[in-house]
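Undergrad: Chains as they are written, first to last, in our numbering: chain A, 1 to 288; chain B, 289 to 706; chain C, 707 to 1049.
Be a bit skeptical, because a hint or two may be false.
Cβ-to-Cβ under 7 Å is the rule here; a few derived chain C residues that face chain B [as the list claims (entries may be wrong)]:
id, residue
1, Ser752
2, Ser756
3, Arg863
4, Met871
5, Asp958
Stretches of chain A that chain C covers, calculated by requiring three or more beta carbons in the stretch to come under 8 Å of a beta carbon on chain C [stated by the list, open to error]:
id, stretch
6, 79-85
7, 159-165
8, 215-227
9, 257-265
Hints are computed from structural coordinates only; laboratory data are not their basis. C-beta atoms are modelled at their ideal positions from N, C-alpha and C, and glycine is treated no differently.
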Amino acid sequence: MTFLPFLISGLGIGAVYALSGVGLVVLFRATGVLNFAFGAIGALGAHVAWQLLEWRLPLVVAVVVAVAVATLVSFLYGRLLAPLLSHRDTVVRAVGTLALALVLIAVMGVVWGELPRRLQFPTDQMFLTLFGVRLTYTRILALLLAVIMVGAITALLSRTRLGLDMRALANDRDLSAILGVRIRQTETAAWVITGVFAGLAGLLLGDLVRLQGTFLTFLVIPAIAAAILGQLRSLWMTAIGGLSIGIAEAVLTPIAAISPYRAAAPFVIALIAVTILGSTAQAALKDR
Amino acid sequence: MRHHLAGLAAGLALFLISVGSANAAASCGVDGSDAASGEPIVIGAITGKTGPDDFSNSTKAAKAYFDCLNAKGGIHGRPVKYLVEDDQWNPEIAAQLAAKLVNDEKAVLMVGNSSFVECGANAEFYKKSGIIAIAGVGVPRECFFAGSYATTNAGPRVSMLGAMGYALDQLKAKSAVCIGPNIPNVGTWSCDGVMLLAKEKGLAAETILMDPGTADSTSTILQAAASKPDVIILGLPKGVTIPLLTAAEEQGLNQTIKFLSAASAYDLSVPGTIGPSWDGNFFVNMEFNDLEATTPDNQNWLAVMDEYGQSSDPRDTFAQAGYLAARIAEKALMSLDPKDITRESVSAAIRQVKGFSSDIFCAPWYFGDDQARHNANSTTRMAVSEGGKWKVISGCSPSPDPELADIRAFEKSAGLAP
Amino acid sequence: MVNSMTVSPPAAGLARALRGQLLAIPVTVAIFSGAVALLANSFWLSAATSAVALSLSVAGLAILYGQLGLVSLCQFALVGVGGWVTLRVGHAFHPPFEVSLLAGGFVASAVGLIFGLPALRLRGLYLALVTLMLAGAFQIVISAWGFPDGGSGFLGRADGAGRAMLARPAVAGEAVPYFLYVSIIAALGLMVAQWHKLAKPGRAWALIRKGETVAISAGVPVLIYKAWAFALSGFLAGIGGALLAGNVGQLDGRAFTAFESLNLFALTVVGGAYNWYGALIAGLLLRAIPALLTDLGIDGYVTIGIFGVALFHALATAPSGIAGQVAGLLKRLRARIGKDGAA
Chain A
1 MTFLPFLISG
11 LGIGAVYALS
21 GVGLVVLFRA
31 TGVLNFAFGA
41 IGALGAHVAW
51 QLLEWRLPLV
61 VAVVVAVAVA
71 TLVSFLYGRL
81 LAPLLSHRDT
91 VVRAVGTLAL
101 ALVLIAVMGV
111 VWGELPRRLQ
121 FPTDQMFLTL
131 FGVRLTYTRI
141 LALLLAVIMV
151 GAITALLSRT
161 RLGLDMRALA
171 NDRDLSAILG
181 VRIRQTETAA
191 WVITGVFAGL
201 AGLLLGDLVR
211 LQGTFLTFLV
221 IPAIAAAILG
231 QLRSLWMTAI
241 GGLSIGIAEA
251 VLTPIAAISP
261 YRAAAPFVIA
271 LIAVTILGST
281 AQAALKDR
Chain B
289 MRHHLAGLAA
299 GLALFLISVG
309 SANAAASCGV
319 DGSDAASGEP
329 IVIGAITGKT
339 GPDDFSNSTK
349 AAKAYFDCLN
359 AKGGIHGRPV
369 KYLVEDDQWN
379 PEIAAQLAAK
389 LVNDEKAVLM
399 VGNSSFVECG
409 ANAEFYKKSG
419 IIAIAGVGVP
429 RECFFAGSYA
439 TTNAGPRVSM
449 LGAMGYALDQ
459 LKAKSAVCIG
469 PNIPNVGTWS
479 CDGVMLLAKE
489 KGLAAETILM
499 DPGTADSTST
509 ILQAAASKPD
519 VIILGLPKGV
529 TIPLLTAAEE
539 QGLNQTIKFL
549 SAASAYDLSV
559 PGTIGPSWDG
569 NFFVNMEFND
579 LEATTPDNQN
589 WLAVMDEYGQ
599 SSDPRDTFAQ
609 AGYLAARIAE
619 KALMSLDPKD
629 ITRESVSAAI
639 RQVKGFSSDI
649 FCAPWYFGDD
659 QARHNANSTT
669 RMAVSEGGKW
679 KVISGCSPSP
689 DPELADIRAF
699 EKSAGLAP
Chain C
707 MVNSMTVSPP
717 AAGLARALRG
727 QLLAIPVTVA
737 IFSGAVALLA
747 NSFWLSAATS
757 AVALSLSVAG
767 LAILYGQLGL
777 VSLCQFALVG
787 VGGWVTLRVG
797 HAFHPPFEVS
807 LLAGGFVASA
817 VGLIFGLPAL
827 RLRGLYLALV
837 TLMLAGAFQI
847 VISAWGFPDG
857 GSGFLGRADG
867 AGRAMLARPA
877 VAGEAVPYFL
887 YVSIIAALGL
897 MVAQWHKLAK
907 PGRAWALIRK
917 GETVAISAGV
927 PVLIYKAWAF
937 ALSGFLAGIG
947 GALLAGNVGQ
957 LDGRAFTAFE
967 SLNLFALTVV
977 GGAYNWYGAL
987 IAGLLLRAIP
997 ALLTDLGIDG
1007 YVTIGIFGVA
1017 LFHALATAPS
1027 GIAGQVAGLL
1037 KRLRARIGKD
1047 GAA
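Just chain A, with the same shape it has in the complex:
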């Protein structure tokens, strides 16, 4: 059984994991919050886009409104709700975003229900063929978006004042406040950036995976595997990690004995990575 076609399909699912993983690490680097609602915010945007396309509005409008909605939700949470938990430990702040995810699932369930829908973009019809497998432009777009995001955020964090403030904030909130970092503004900026990214990612995931609220929300769990491979700090490693686990999951398909369990590949790989890298990770993470 040749594995080559599955390498290519693995790039497809890898793009999904890379995109979500990078989104998670971006916000974590900037605020110290692991955003469990990343997928939910994106899914909400995707549903809004679907609805606008159903109403025969132009694609551009749908995309812009979808990203705007995602950004708005993210901004509101970051501005109004996240500060209420800012003095708690990291895990509790992450559980706060879980609460947001649940509320968004409820909204999507009530408004749109769980009927499976299809979000289609014109880039679905255009494709490259490699080893007999087609890679649609939408998938390539997802890969590109992940790469661009990584590059842009890395530049932001290392070259700009805002980026410096963000890193300080994520490292030690109280100390940063004393040093004069404008906490509220910096945090809000981080949440807005993550909102935009979630909106774009949500649109692509809604197209590439399936447009179903709960499913897209819980895609964040395998995405965490990618984030772990990046040790929650390196955006490049997260992106490459995401691609790797996607490829691993795909190439297990032809192996009949393991195939029904291949969705566990991201988790197993993350666990192996932790066991190997465990001690070095500790230095990177300050328990707040």
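Guided by the hints, dock chains B and C onto chain A, whose structure is given.
TA: Below, chains B and C alone, put in the same frame as chain A:
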């Protein structure tokens, strides 16, 4: 002059309304003119509404029928109190709700159940409590192998094999791949049937069990296409079928392989969702009659939904299933003395149900007294996706599932063979 | 940070305080179960049984989080492990229910220990995410395997005519006796957990939490106490899973997703990880509140939304959880009545 015209218009309007409603008038029970007002008969139902999919259309349709029944005289004057509970796809909750309906509410019958998890959780409990469930929709094997549980639908395995029968007879398939969910007692059960039938008929077949929660449909479809089969038969819920078909279309496989599915994908939204590139290439098995059929009982179902259901209730096959379950329950209840409607008398009456015909069914439904398992609906049709709608392309034919041998033997011996 | 380490009085007084605090558990549980057993209908009885069974798994989480500050996001997976072993042993050998129960507890404890191995070097969010990965892997495996229901082979799946239900304990076959049985076991479990907190392990854990270097220099064998915490937490989760299995007689493979473990942790925080009754409160939140909302006929998705809002509110306003607020209330009451207490 103006008065004349107004009067004429009013008269015309009234005439049209009366003609229109006369055509659409729903018929339930004895079609009496007084609402039922006696002591309510408690009937329960458990459905999986909140979760991976919404199965509640079955209970919605049954409720519409019972509302109609109550408005037109009920069961010899006694109204039906229909209690529907949502088990949220959680077997623990399904068990709690069964306890509530059976022990607390003292239901005499369960009608229109449509839950993925409740057969496994509750079938034993129903048997122990002496209550029968005439379910609308059953999916896992447990729903079709229980003494006190009978569904009006055919089940995923019977349905999938109905599709395979079509592939063998009409599409002249020589090789097939079966894709089922790796849920125990669902995917293995259905695809085992395909492998068994393939062995009998001498064609090459392969099974792929996939995790319905996977985000990667492309690899699964590539694996399926790797052996270059003539047909790929799917037995997945529509939420998983659509991404799979999308992935297949992405790879251009809809041009070279014919795709068939069990009735789980038969939903009016599917042809529009998958799009025009699937016209003539995606076949689905139907456990009931065409949703838009103009035959009397099907039209009655639509009328009942229009008059007594909500306009937002989907008119889909789950709704047909629930409507039929309600009608079967009504038939059994009507045969009883209204003063003696207890769980025992109702169960006894249900056991005697045979020869229940409706043009929504292909063949008359029966319960099958003393049978260890019930699967009366085993005759199905096929449709193909065409122009954003389904087009029915075959008449009724019995599903070639080898496992139905015991059912067919019973039908023959009891003189029920269609 | 609230911790449950009491200011240590002389030895005899300590023993008395210990006994008092421990006795509070069976008394409270008895009152609660008595009320439920008398007043509840079938539906509520079943919900209460699940709630009390799950409170044991919350107690395990509370030990890890409340005492050591370690977050485990795979506790519900350990509940599943316990349930699986109980079902497999029960169907294979038909021993008395207590044997299957203990088997479930011990295997879950062992698995909890293995899961805890990475924890020996990790902390905080990283540990939490690693345990979440374990929960994710478990989810995939258990959805494919399902739970044993009377068949043969390792998986114990019955493909034949019927699914077998696990037999309940001989003394507690019916709904009300089984609920009381579960309450008794839960009280015992909670007492064991509370004893650990009040006695030497609790003081060792408090030291470890302050700083491992401090603990080591004080002569505390850090590794052993950490491992013990994981083993105890796993044991309690396993027992909870066994009791759940006995409630319905079977478990479903799709009900043990990674999200359930996340949910369990969230509710542990909301219920209160620093007081023993936080576990009971969390159990009720997990099963009784959803049951209430279902009973009221509220749409499933709206229930999820209400839950999300309530979760955030609880996180933002009650750092020690509902139990913490209750404890604060009790303290103020006691101070007002003028008693000398542990304040």
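Undergrad: Hint by hint, note whether the structure agrees.
TA: A quick look at each hint next to the structure:
{"no.": "1", "hint": "Ser752", "result": "holds (4 Å)"}
{"no.": "2", "hint": "Ser756", "result": "holds (6 Å)"}
{"no.": "3", "hint": "Arg863", "result": "holds (6 Å)"}
{"no.": "4", "hint": "Met871", "result": "holds (6 Å)"}
{"no.": "5", "hint": "Asp958", "result": "holds (4 Å)"}
{"no.": "6", "hint": "79-85", "result": "holds (count 3)"}
{"no.": "7", "hint": "159-165", "result": "violated (count 0)"}
{"no.": "8", "hint": "215-227", "result": "holds (count 6)"}
{"no.": "9", "hint": "257-265", "result": "holds (count 4)"}
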